[in-house]
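Colleague: Since the structure of chain G is already known, use the hints to place chains W and U on it.
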Amino acid sequence: MASPPSRTSSAQTARSAPYNHDNPSDPPDFGTGGTVSLRWGDFLFQTSSVAAAASILVVLAALFVLLVVDSRESLVRYGIAFATSSVWDNVKEQFGALPYIYGTLVTSAVALVLAGPIAVGAALYVAEYAPAWIRTPVSFTIELLAAIPSIIYGLWGFFVLTPVMRTTVEPALQRIFGPIPVVGILFQGAPIGKDLLTGGVILAIMIVPTIMAISREVILAVPPAQREGMLALGATRWESLRHAVLPYARAGIAGAAILGLARALGETMAVTMVIGNSSRAITGSLFTPGYTMASAIANQFTEADTAIYFSAIVEVALVLLLVSIAVNIVARLLVWQIGRGDPAALGGVLV
Amino acid sequence: MSSDTYAPPLAPAYPPGGRSIFEADARYQVRRGVARLMAVLVGLAALGAVAVLWIILGYVIWRGLPAINWPFFTQRPLPYGEPGGGVGPAIAGSLVLLGVASTIGVPIGLGAGIYLSEFGRGRFADAVRFCGDLVAGLPSIVVGVFIWALLVRHVIGHFSGLAGAAALAIIMVPIIVRTVEAMLRLVPHTLREAALALGVPQWRVVLSVVLPSARAGIITGVVLALARAGGETAPLLLTTLGNMFFNWNLSQPTAALPIQIYNYAVAPYDDWHTKAWGASLVLIAVIGILSVLTRLATRGKKLA
Amino acid sequence: MEEQKKEQEVSLKHLDSNGRFAGTRRRWFGVIGGAAGAAALAACGADQTATPRTAPAPTSGAASTQAAAAIPGSGSIAGPYPGEAKQLTGAGATFPAALYSKWFTEYHRLTGVQVNYQSIGSGGGIKSISDKTVDFGATDGPMTNEQLSATKGGDIFHIPTALGAVVATYNIPEVPASTKLRLSPETLAAIFLGEITKWSDPKLKADNSGVNLPDKDIVVVHRSDGSGTTYIFTDYLSSVSPTWKEKVGFATSVNWPKGLGGKGNEGVAGEVKQNPYSIGYVELIYALQNKLGVAQIKNKDGQFVDPNLETVTEAAAGVASTIAPDLRASIVNAAGPESYPISGFTWILAYKNMAEEPKAIALSRMLWWATHDGQKFNGDLGYAPLPLEIIKRGEEKIKGILVNGKPAFPNK
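Chains as they are written, first to last, in the numbering used here: chain G, 46 to 396; chain W, 7 to 310; chain U, 659 to 1070.
One chain only, chain G, in its complex shape:
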């Protein structure tokens, strides 16, 4: 995989371009020059660093291959019906993952709708409004929110959020929105607190820091001239944000939101503890206990005691993998538009 030829070729590519001091993404070529072979120390060093880099590709490839191999039986047997059937029945050996896909999409959508405005608002506050002395503590606090392990969100959701949702939030939502046509459908049924809505709420809390941190960086990256021009025309601060900054940062913020979405899609433990874990999610109401793909795997993976059941649950993992890769690609393309020229520029906040 990691071989001298690839090293040589990259060294050649590097030499062909003149070194530019002002471009940080273009470090100088430190190869020993010409076709003279590298000293063995350098060779070893380069080879091992290439090997380390290559191992990332190997792991990703192995992961994909292994998931495909292990889900082969189910892939062959159910084909596309796996994603369109809503019957998940171990006894009758029918496996359709639609309820899990649906649960994943619904909870992630709820999370995005709730977290998006709050996170972007908080990012605007930190980047544009907050006095300097408040900026650091607020940023730090929100970054800490990102560092809290999923299991602790789960614990809190399980013991604190669920009862509040059941006794207060969900009945109130039902009272307010229940009678409204169309929207009301979302809030039908007995509020039990362990359902898609609660799953979405806990996910929203978890993705706020992701969206907020990236949006903040993106907003800060907007050239000051944009704001100043608008303000010079007599615009209020909000107008300058609304018409000069946000349009400029739009792609980056969208990317941030989608990265948040990516995190929500794959989140496991916190959701597992509040979502109700039921395979019959598709009713239209948010007050329905459900499963996400991730929580279905967590609950059923070690339990799948027949070959086809195991194969089906691995296929759920495969679907989840593909969805999250697709979402990540879209998000990164959007974010890269802002951080272009230095792909790692936003690296620190993508954690």
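A few of these clues could be false.
Stated by the list, open to error - Only some residues are given here: those of chain G computed to face chain W with a beta carbon under 8 Å: (1) Ile-125; (2) Gly-166; (3) Ala-167; (4) Tyr-174; (5) Ser-195; (6) Ile-197; (7) Trp-283; (8) Met-314; (9) Phe-346.
FYI, nobody ran anything at the bench for these hints, they're computed from the structure. From a predicted model like this one, the values you see are computed outputs, not experimental measurements. Where a beta carbon is used, it is the ideal one built from N, C-alpha and C, also for glycine.
Modeller: Showing chains W and U alone in chain G's frame:
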């Protein structure tokens, strides 16, 4: 809010119907009102995000503190009904798992990061960067499934601490790669050039000049990765399984704090719930301390 | 905290009100435990079988008599054994998890062997032992023939370790736990099928005159993971309700028509405790420990029966002599006026042929201890001890565990 500081002081002086964008006093008032409202809303959003953190932290501390005592750190979990018992094996297990995961993950992450910053151009480097981002975005449960299928089922043959550490290493590597690359790029090229001009081979330049000057940033990356890996639960459920006893043998199932929190939380006993909060407090304290240390270590430097 | 524990003890005492289990048993055990291992082994035969008859509990049912006697063969495991593995890993059923965690803590104190048991569900136990990712599995739903033929390591023994009751547990704020709800098989099936949706349903009211059943929606709680508890429960519902059998069937995990899922017995009990107007099914001990309501179920003879050690043992009594050679057996909906209909065995799954001698020795000794000495802990935790006949059948299996073709159990 100071939103109106940007309102030009001359604004009201423009005559109504003038050609300025401040066409009317009334319209200006509306616009200023909107600006203020948005300032308040934006402030509230920030307040809300911050408040949620403190509510959660407050709960963990409030519910967790009663569980904290010395035996809680040293004893192993006891069956329901026996008083006492703690999360000793889980704390030890988490430390062991993180230690082993670092042993696997840090060299790989460091190597790949060095490659990307020092050599990395062309398609291969782009592919590595791209895949690194994808691995960073992998749902952790999928990593668990992968390690189960590869190590638990085949290579090792049973649930083991080593498999868990491998899963955590996969989670750590992309975080380290990213920070290392970003940090090494911040090291001025003149430093490298000066060393190379002295005839020092490149590997020595990187190891003795570039890496040391980016030390703080690299440590940050490793600590971030540790903090993230230390809280992972889902992949561990499929790989290390958990253990009721102290275990230092990597080929055996190993306890870990997140698994212990989960097991305690879903059990129906109030005493175990208290212990779940206590274990969460321990976990958060460790991660919080790591974060603060990182913050201090990198103060003044912009993290890429 | 202290108070809570007292309450706990009270509720457990209530459970075995017929015999002074703990005291009696411990005294007997002391005597036997003091005897030499060989003597205890020899005692397998005639003289100890007489013990139940002389046990000082003339008014009690079968369970307490059984429990009061030291089981022949007890005491033979008295400490560490040279050459045995010091670590064993098991995973599976959550149904006996409370008992196993007690057992293995005691066993660790006795022998220094760490038996790490993780309750991941019976489905997980079957899968893990089949994949050989653990040293032993545990399940409450016996493995199917298909599963048995698909294992990585050949033949698997089912070794019964305890008897338990699956109870319908509920949380209705208006109905105190001391008021026992009465459920007939038909209503129970209808609730879990989603046909009865309100607590005030006339069918429920008919069986529970005088109970203030509120006009609230029933929240059904079931297991989210593969589970032997589910197996026993759905096995029962299938045997009493043709609709259930046709629509859902029975297995360690089924496609639930309704409800929310909790992971493990712990999870279901936790959900029921957390959600008012809910009903779920758990192992008896999980309901008692949480002071949740436990329903009386109408049995085959038309009696509403409380789940407890006596009624479970009664249900097992019928099958003890007719049990299949591989010890897989279902005892749901057993006949007998006193038998609780949703009862079942729980098994440890072990390979007949083991490759590693230290593990084989450690495992066979642990199994012997568990099915003999360990039985004295069953009652306190709400599990009925095994009938003697079943223990003897289990002994054959334990002695049948082979390593390199030779029996692994060192008899002490």
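Colleague: Against the structure shown, which of the earlier numbered hints fail to hold, in ascending order?
Modeller: 1
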